[in-house]
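Starting from the given sequences, assemble the full structure and let the hints guide the process.
In case you want the letters, here they are:
2 protein chains.
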Amino acid sequence: MGRPRQTGHNRLVATRAIPSHSLSMSQKRPVFYISDGTGITAETIGHSLLTQFEGVEFETTRIAFVDSVDKAQAAAAQIREAGERAGLRPVVVNSAVDMELIAILGDSGALMLDVFAPFILPLEQELGMKRQARAGKAHGLVDFAAYEARINATNYALTHDDGVDLDYGEADLILVGVSRSGKTPTCLYLALHYGVKAANYPLTEDDLEIDELPKRLKPYRRKLFGLTIDPVRLQQIRTERKPNSRYATIEQCRAEVARAESLFKIVGLPSLSTTHTSIEEIASKVLAQFGIQRHMF
Amino acid sequence: MGRPRQTGHNRLVATRAIPSHSLSMSQKRPVFYISDGTGITAETIGHSLLTQFEGVEFETTRIAFVDSVDKAQAAAAQIREAGERAGLRPVVVNSAVDMELIAILGDSGALMLDVFAPFILPLEQELGMKRQARAGKAHGLVDFAAYEARINATNYALTHDDGVDLDYGEADLILVGVSRSGKTPTCLYLALHYGVKAANYPLTEDDLEIDELPKRLKPYRRKLFGLTIDPVRLQQIRTERKPNSRYATIEQCRAEVARAESLFKIVGLPSLSTTHTSIEEIASKVLAQFGIQRHMF
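Just so you know, the protein sequences line up as chains H and Z, in that order. Sequential numbering from 1 applies to the first sequence in this note's numbering. Sequential numbering from 1 applies to the second sequence in this note's numbering.
If you are wondering where the hints come from, they were derived from the structure by calculation, not from laboratory data. Be careful, since some hints might not be right.
Said to hold, decoys possible - Under the rule of at most 25 angstroms between Cα atoms (straight-line distance), these lysine to any residue pairs were calculated in the SDA-like manner:
1) Z:LYS28 x H:GLN125
2) Z:LYS285 x Z:ASP162
3) Z:LYS130 x H:GLY87
4) Z:LYS130 x H:PRO118
5) Z:LYS130 x H:GLY55
6) Z:LYS285 x H:ALA149
7) H:LYS130 x Z:LEU88
8) H:LYS28 x Z:ARG131
9) Z:LYS242 x H:ASN155
10) H:LYS71 x Z:HIS276
11) H:LYS71 x Z:GLN289
12) Z:LYS28 x H:ILE292
13) Z:LYS130 x H:GLU59
14) H:LYS265 x H:PHE290
15) H:LYS130 x Z:GLY109
16) Z:LYS285 x Z:GLY169
17) H:LYS71 x Z:GLY268
18) Z:LYS242 x H:TYR168
19) Z:LYS28 x H:LEU121
20) Z:LYS285 x H:GLU59
21) H:LYS71 x Z:SER273
22) Z:LYS28 x H:PHE290
23) Z:LYS28 x H:ALA288
24) Z:LYS218 x Z:ASP161
25) H:LYS285 x Z:HIS47
26) H:LYS130 x Z:PHE53
27) H:LYS28 x Z:HIS295
28) Z:LYS28 x Z:PHE53
29) Z:LYS130 x H:ASP114
30) H:LYS223 x H:ALA288
31) H:LYS285 x Z:ILE102
32) Z:LYS130 x H:LEU50
33) Z:LYS285 x H:PHE58
34) Z:LYS28 x H:HIS295
35) H:LYS28 x Z:ALA146
36) H:LYS28 x Z:ILE120
37) H:LYS71 x Z:ILE292
38) Z:LYS223 x Z:GLY169
39) H:LYS285 x Z:GLU59
Here it is as structure tokens:
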């Protein structure tokens, strides 16, 4: 893993002679997600923070596994250089916990946002103990049971995708919807993150001709969740997959979606439109619906 | 989505008459991840914080989509009740940003850890503007391009899984390893989170008989990354899949792993053992190796 980290920036390099103010309008603010582990915590909270400042352009860089003085110094140099190039003070969202490494990173001149720092003392006081600072622990080592649950759930999602295997006895839940309404990625996300065994069943034209649940789904009524989607969006997605097919016409998309939504209503299925919804949010809403609390890290 | 949220707790309920101290040794500390959106940010940072307090038992509950006074009051009641049941003050890791909702949650008596609060003011000062507090934005709405990249990458991972389609021209990277070394979940994770087109190629016994790359992989030398695994662990995983098969014997697992690791060395492939590594960490290390910076939220 010793290859030099790439930032992938191909923009023109601003020399230090140019006053930073004259550039700041057109430059993106450099933001670094730094971690002694995977960087997932720093990146997640950092991303959430940045979305609250609309209109500001950021250029984000992840530097993971910063767990030594050498790596911290290399990161600090990269941060400093990015700031000089942009003519803007960089922001560092940092989840490393070693004070020596934090100090080195701080020497870069960046605004340091240490994501754990504000919460450690109150937690220590509440729990009546000192935290044990272990590098990169949160998303690192896992117990085999949790790993196995995720892998098994992923295999389950793969074998119960798209109506391949219709025995849903083991399913925690079953997503139902027309082709390309977002079922497969949601099932895989639920499996990988939550160890949830999520199957999915594509509503075919035959299914949509009757105003009741497909026979194969009837025994699993309480496990069902409907996904729907805007027909125009569906047409775009299907066109990318099968251009010029009947499947991808707006008429077909409109008809299928209308019948699917009507079915959800008649049968009383909980459902959700995926049109403007991220995979994370679909997954969260499905879990909330079924009251599932698991989260595998 | 109006169903009452379930906590899934089945433990005995401690009555209020029992002094809380006599219970506290055996009770788990209630922790709530509260959010006006999916709860992913609160849960990610909260989980990272809790792992720093080894030996403390926590009982975590996610309450997502708390975006109204009613929902905040319901959450506060649930938090208060959990604290009374456990005889321990609950901890709330909160990512909701509306001050009114935060105040209601705080009335529960829990220790409030507001994950954004400490970082907003320094960022506002640095950026010279006020943040726009929009509920549940970070993991909610996404632009179609990012969504499409994730979906396309997921489809790619599915069609280029396990050597099904060997045309790797479009692949961002290709994971190589023996059967059940962790390739498939890693590819799906890379696709869902980063929109990375990750294929995987299973090293067969035939491949392992020669000390060079399989012919199909040679054109893609720079896209390859090896996964390996402890043979004992591999045996466990394979036994679960195909009990009593030759495939799952320790001899077979030892031989395959030894030859695969030797191949990685001879050919000079970067590689990683998945034995004690979470899917997140494998994915992060693979991305760091290839210098890939993308992250789709």
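Hint check results:
{"no.": "1", "hint": "Z:LYS28 x H:GLN125", "verdict": "17 angstroms, holds"}
{"no.": "2", "hint": "Z:LYS285 x Z:ASP162", "verdict": "21 angstroms, holds"}
{"no.": "3", "hint": "Z:LYS130 x H:GLY87", "verdict": "21 angstroms, holds"}
{"no.": "4", "hint": "Z:LYS130 x H:PRO118", "verdict": "21 angstroms, holds"}
{"no.": "5", "hint": "Z:LYS130 x H:GLY55", "verdict": "11 angstroms, holds"}
{"no.": "6", "hint": "Z:LYS285 x H:ALA149", "verdict": "22 angstroms, holds"}
{"no.": "7", "hint": "H:LYS130 x Z:LEU88", "verdict": "18 angstroms, holds"}
{"no.": "8", "hint": "H:LYS28 x Z:ARG131", "verdict": "17 angstroms, holds"}
{"no.": "9", "hint": "Z:LYS242 x H:ASN155", "verdict": "14 angstroms, holds"}
{"no.": "10", "hint": "H:LYS71 x Z:HIS276", "verdict": "23 angstroms, holds"}
{"no.": "11", "hint": "H:LYS71 x Z:GLN289", "verdict": "15 angstroms, holds"}
{"no.": "12", "hint": "Z:LYS28 x H:ILE292", "verdict": "19 angstroms, holds"}
{"no.": "13", "hint": "Z:LYS130 x H:GLU59", "verdict": "20 angstroms, holds"}
{"no.": "14", "hint": "H:LYS265 x H:PHE290", "verdict": "18 angstroms, holds"}
{"no.": "15", "hint": "H:LYS130 x Z:GLY109", "verdict": "23 angstroms, holds"}
{"no.": "16", "hint": "Z:LYS285 x Z:GLY169", "verdict": "23 angstroms, holds"}
{"no.": "17", "hint": "H:LYS71 x Z:GLY268", "verdict": "23 angstroms, holds"}
{"no.": "18", "hint": "Z:LYS242 x H:TYR168", "verdict": "21 angstroms, holds"}
{"no.": "19", "hint": "Z:LYS28 x H:LEU121", "verdict": "20 angstroms, holds"}
{"no.": "20", "hint": "Z:LYS285 x H:GLU59", "verdict": "21 angstroms, holds"}
{"no.": "21", "hint": "H:LYS71 x Z:SER273", "verdict": "22 angstroms, holds"}
{"no.": "22", "hint": "Z:LYS28 x H:PHE290", "verdict": "24 angstroms, holds"}
{"no.": "23", "hint": "Z:LYS28 x H:ALA288", "verdict": "23 angstroms, holds"}
{"no.": "24", "hint": "Z:LYS218 x Z:ASP161", "verdict": "18 angstroms, holds"}
{"no.": "25", "hint": "H:LYS285 x Z:HIS47", "verdict": "20 angstroms, holds"}
{"no.": "26", "hint": "H:LYS130 x Z:PHE53", "verdict": "7 angstroms, holds"}
{"no.": "27", "hint": "H:LYS28 x Z:HIS295", "verdict": "18 angstroms, holds"}
{"no.": "28", "hint": "Z:LYS28 x Z:PHE53", "verdict": "13 angstroms, holds"}
{"no.": "29", "hint": "Z:LYS130 x H:ASP114", "verdict": "20 angstroms, holds"}
{"no.": "30", "hint": "H:LYS223 x H:ALA288", "verdict": "13 angstroms, holds"}
{"no.": "31", "hint": "H:LYS285 x Z:ILE102", "verdict": "22 angstroms, holds"}
{"no.": "32", "hint": "Z:LYS130 x H:LEU50", "verdict": "12 angstroms, holds"}
{"no.": "33", "hint": "Z:LYS285 x H:PHE58", "verdict": "24 angstroms, holds"}
{"no.": "34", "hint": "Z:LYS28 x H:HIS295", "verdict": "18 angstroms, holds"}
{"no.": "35", "hint": "H:LYS28 x Z:ALA146", "verdict": "20 angstroms, holds"}
{"no.": "36", "hint": "H:LYS28 x Z:ILE120", "verdict": "19 angstroms, holds"}
{"no.": "37", "hint": "H:LYS71 x Z:ILE292", "verdict": "18 angstroms, holds"}
{"no.": "38", "hint": "Z:LYS223 x Z:GLY169", "verdict": "10 angstroms, holds"}
{"no.": "39", "hint": "H:LYS285 x Z:GLU59", "verdict": "21 angstroms, holds"}
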